[in-house]
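Asks: One letter stands for each residue in the lines below.
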Amino acid sequence: MTFRHLANPLALLLAALAYFVPALAGGSPVAYGACTTIAILAVMSYGADLILSYLGEVSLGHTIFWAAGGYAAALLSVNAGWSGLPTAAAAVVVAMVLAVVLGLATLRTREFVFSLVTYAAAVVAMEIAFNWSFLGGSDGIVGIPPLTLAIGSWSVSANGNDQLWPIAWVVLMGTLLFIHRFRHSRLGTSALMVQMNPDLATALGIDARKVRLGVFVASAPISALAGWLYAYQRAYVGPDMFETYFLVLMLTAIVIVGRRLLLGPLIGTALIIVQQTFFSIGGDGDKIVLGSVLAAILLLWPRGLVGLWTVLRSRPGAPTR
Amino acid sequence: MNILQQLINGLVLGSGYALIAIGWTVLLGAARLVNFAHGQLYMLGAFVAWAVMTKLGVNYFLAVPIAVVALGLLGVVLQGLMLRPVMQQNLTSLMIVTLGFGYIFQGGASRLFGGDPERFVSPLQSAEIRIGEIWFTWQDVLTLVGTLVLFGVLWLVLNRTRVGAIVRSVAEDPKLAQLFGINAALVYIGVFVFECAAVALGAGLVAPRSPILTSMGFDEVILTFVVVVLGGIGSVTGSLIAGFGLGLFTALFGALVSSAYTTAAAFFVLLAFLVLRPRGLAAR
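First to last, the sequence lines map onto chains Z and L.
In my numbering, each number is its position in the first sequence, counted from 1, plus 439.
In my numbering, each number is its position in the second sequence, counted from 1, plus 195.
In isolation and in its complexed conformation, chain L is listed as follows (with noise of 0.2 Å):
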C-alpha cells in the first residue's frame, strides 16, 4: 500500500464529507435545526443533474448548478411549511417532519426516477493525473478546490459582512434579535436554503464517484453528523477539519482493515467522542 496514495484518497474523501456537511453546520449552528431529509436532499441534488443531463442532454457544468438552484427552491417550500415549528422552536416535532419529508422524497424519487443504480457521469471523472505511483481525477481536484473556496467564501460571509452578523445575532438569541428588527424567519428560510443547495453542490461534485440510487443518503447523514459533532456543533472552520480528519481515517481503516466496515469505525469513533468531549472540537 502507498501512503502518499491513501493520504489523498482522504483528503479528496474529506473535502467530499466536509462540502455534504457544510450546509448542516450553518443550519444547525443558525436555527438549531436537525434535518434529517439531509440524506435524501443529497440523493435528489444527484438525480436531478443527472436527469436534466440524460433527459434534457444538457452538460454536466451546467446541470449541477441546475440541481443547485432546483433544491434551493425545495428549500423555500420545505422551510416555509415548517416555519410555524420553527418559530417555535419545537424541535422533537422538526426531527420527525423532516424524517418524513425524507421518506417522501425517498419514494417520490423512486417513482420518478425509477429503482435501478443510475450512472451520473462527471467528464472530469474519466481525466486522470498519474505522477509516478500516484493518481487521482480532475474531479477530486474539483472537489478539493470547490470546498475550500466555498469554506472561504462562507466564513468571510458569516464573519465578515453584515449578512453575517444578523445570521449570527439569530444564533445567539432569535428573540432578542426580532427586537432589534431583524425578521428570524427570513434568516431561517436563507440558512434552509443554504443547506439545500450546498448538499446538491456537494452531490454534484462527489456523487458522480459511483452509481446512484435512489436509496442512497444514509451514511451520508452518518458522516455528515460525525463532521458537525466533531468540528463543533455550528462550527465552520472545525467541519472543514474535522471533514478532513474524517476523509483520513476512513482512507486509511478502508485500506489497512475493512471497506464494508468503514461507517461502522467512524462511528465508533464518534461514539468515543461523544464519551470524552461532548462538546466537539471547538470547545475549550
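Isolated chain Z (complex conformation) (with noise of 0.2 Å):
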C-alpha cells in the first residue's frame, strides 16, 4: 500500500465533500454565492500560479486572459446568441491566442522585463477596451443571459449563484486535474528544471524557450476559463476585470499558502474572498488588508504559511517530531 494508491480515494472523498460545502455552511445564497465566487477566483490564480510556481516568472499580464474569457462569452452570447459550451471553447481559443502573441513577444525577456512588459501588456488592453466599442468602451457589455450549457438533447441553465456552483465546482475540480496532470508532465517537470537549473536542462536537450512558450499558452485558457464563468455569474463584463484587485488577489492567493503546492492558491483564495464577505471593512480597507496579508508573507515568511508552520516546529522547545 504507497501512498499514491491512498491519493486517489482521497482526492475523490475530498471534491465530493468539496461540493456540498455550501449547502453545510446554510446554504443561503450568501454561501452559494461566497463558494461560486471562491471557486471562479481560484481558477484564475491556477492560470497565473503555473507562471509562478513552475517557470519562477511573475506574470502580470494574466488579466488578460481573465478578461479575455469575459468578453469572448459576453460578446458571442449578448450579439450571436451562442449558449455556454461555445462560448467557452471560444474563450479557450481567444486566450491561447493572445498567449501566444504576448509569448513570442517576451520569449527573449527574463525577470523584471517579463513582469513589466506584461504588466504594461495588461494596462494597454484596459485601455483598449476602456476606448474601443466593439468591446462596450468604458460601459461594457450589460445583459448577459444565465448561463447555459447543452449537449444534445440534455440541457441545463443556470440562473443564480446557487445554480451556477455545481458548474463552478466542476470547473474548478477539472482546472485542480489539469495542475496535478501538468506537474507530473513533461513539460511540468521540464519547466521546473529550467527554472531551477537551466544548464542542467539545456544540457539535458530541453529548450527552454519552447518549454516557456508551453506554459506560457497551457496557462492562458485557465484564466479565462474562470473569466468565462465570472461573466455568466456576474451578467456583466466591462474594463473592470483589468482592475489591479484580480491581480493582487492572484499573487496573494498563490504565495499566501506556499507555492507549487497544488491546494495552495484554492484555500489562499477561500481566505480571502472570506475575510472579504464576511469580515469586510470596506473597500478600501479590504485593499489595505490584501496588499498587507502579500507584503507581510513574502517579507516574514518567504515561502507562506506552510513555511511559517515549519519554523514553528523546529523552534527549540517545541514537541520534536
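If you are wondering where the hints come from, they were derived from the structure by calculation, not from laboratory data.
Errors might be hidden in some of the hints.
Below 25 Å or equal to it, Euclidean Cα-Cα: the simulated SDA-like pairs (lysine to any residue) are [said to hold, decoys possible]:
no. : chain 1 : residue 1 : chain 2 : residue 2
1   : Z       : K649      : L       : A467
2   : L       : K370      : Z       : K649
3   : L       : K250      : Z       : D723
4   : L       : K370      : Z       : R549
5   : L       : K370      : Z       : P741
6   : L       : K370      : Z       : E550
7   : L       : K370      : Z       : V552
8   : Z       : K649      : L       : F468
9   : Z       : K649      : L       : L286
Residues from chain Z that face chain L, not an exhaustive set, calculated with beta carbons under 10 Å [what the hints assert, rightly or not]:
no. : residue
10  : E496
11  : L499
12  : V552
13  : V563
14  : F569
15  : L631
16  : V687
17  : D723
18  : L738
Don't be surprised by glycine CBs; every beta carbon is placed ideally from N, CA and C.
Grab the two chains, each in its own frame, and use the hints to assemble them into the complex.
Replies: If you want it as C-alpha cells, here you go:
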C-alpha cells in the first residue's frame, strides 16, 4: 500500500465533500455566492500559479486572459446568442491566441523585464477595452443571459449562484486535475528544471524557450475559463476586469499558503474571499488588508504559511517530530 | 496643426517622463530592484503636496519640497522592511512585495484623501507665454529646467564624486564592494530614498497639468518603464534622451493619430524595440 494508491480515493472524497460546502455552510444565497466566487477566482489564480510556481516568473498579464474569457462569453452570448459550451470554447481559443502573441513577444525577456512587459500589456489591453466601442467601451457589455449548457437534447440552465455552483465546482475540479497532471507531465517537470537549473536543462536537450512558451500558452485558458464563468455570474463584463484587484488577488492567493502546492491557490483564495465577504472593513480597507497580507507573507515567511509551520515546528522547546 | 507647437509640447512632456523615470533608472541600475509601487508613489507625492496646500494653506513652492521629504522618509521605511530580500537579491519576491505596497498606498490614499478628483494647482500653470502662434506655461519651463538641472547634478554625483563611485561599485558587484568595507545596505536605502524623493518631485512638477485621483499611477509606470528600457537599463543620459524621444513621439502621435491610444502606442514602440534591440539604446 503506497501513498499513491491511497491518494486517489482520498482526493475523490475531498472533491465530493467540497461539493457540499455551501449546503453545509447553511445553504443561504450568501454561502452559495461566496463559494461560487471562491471557485471562480481560485481557477483564475491557478492560471498565474502555473507561471509563478513552475516557471519562477511573475506574470502580471493574466488579467488579460481572465478578461478575454469574460469578453468572449459576453460578446458571443449577447450579440450572437451562443450558449455556454461554444462560448467556453471561444474563450479558450481567444486566450490561447493572445497567449501565443504575448508569449512570443516576451520570449527573450526574463525576470523584471518579463513582468513589466506583461504588466504593460495588461494596462494597454485595459486602455483598448476602455476605448473600443466593439468591446462596449467604458460601459462594458450588459445583459448577459443565464449560463446554458447543452449537449445534444440534454441542457441545463444556471440562474443565480445556487445553480451556478455545480458548474463552478466542475470547472474548479477540472482545473485541479489539470494542474495535478501538469505537475507530473513532461512540460511541468521540464519547466521546473529550467527554473532550478537552466544549464542542466539545456544539457539534457530541453529547449527553454519552447518550455516557457508552452507553459504560458497552457496557463492562459485556465484564467480565461474563470473569466468566462465570472461573466455569467455577474451578467456583465467591463474594463474593471483589468483592475489591479484581480492581479493582487491572484498573487496573494498563490503565495499565502506556499508556492508549488496543489491546493495552495484554492485555500488562499478562500481565505481572502471569506475575509472580504464576512469580515469586510470597506473597499479601501480591504485593499489595505490584501496588500499588507501579500507584502507581509513575502517579507516574513517567504515560503508562505507552510513555511511558518516549519519554523514553528523547528523552534527549540516545541514538541519533537 | 502647428509642428513647432507639437515639438515644444513633446519636449515638455518628455522632460516630465524623464523626471518621473529618473528614480527608477538609478534604482534599477544600482540595486537591480524594480519598484511596482512607483506609480502609486507618484500619486502619493501629488496628494501629499495637495493636502499640505489645501489643509495647511502652505504655498505651492513649499508644498512640493515637503512632499519630496515626506516621500523620502517613506522610502526609508519601505526599504527597511525590504532589506532582507534586497540583500539576498530575491528579485521575484521583491517585485510582488512592491506591488502589494502599491495596493496598500492606493487603498490608504483613497481612505485618507477621498475618491474624488482633486485640483492640485500650481500658480505657474496659469502663467502663459505666447510667441506668435506658439504658447506654453511657466510651469512647463520649470519642469524642463528642473529636469535638466536634476539630471546634470545626478550625472556629476554618479560620475565625479566618491559617493557616485560607491554606488557604482555596489551596482557592479555588491559582495565584492562589501569586502572593501562598503555598506551595501546603506547604499540600497540611499538609492531607494532617492527614487521616492525624485518621483515626488516629478509629481510636484507634472501632476498640476491635470486633476489628480488616488487611482492614478498606472500610465506613469508604463511610461517610466518605456523610458528606462529604451534608455538602456541604469543609464542616466540614456533615460534623458529616451524621455525626450518618447515625449516627442506621444505629442506627435496624440496630435496626428489618436490621443486615447498614446500609452498603447508607446507600448508597441517598446515591444518592437525589445524584439530588435533587447538591451536598449545604451547597448553597444
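Asks: Output the indices of the hints that this structure fails to meet, ascending.
Replies: 2, 15
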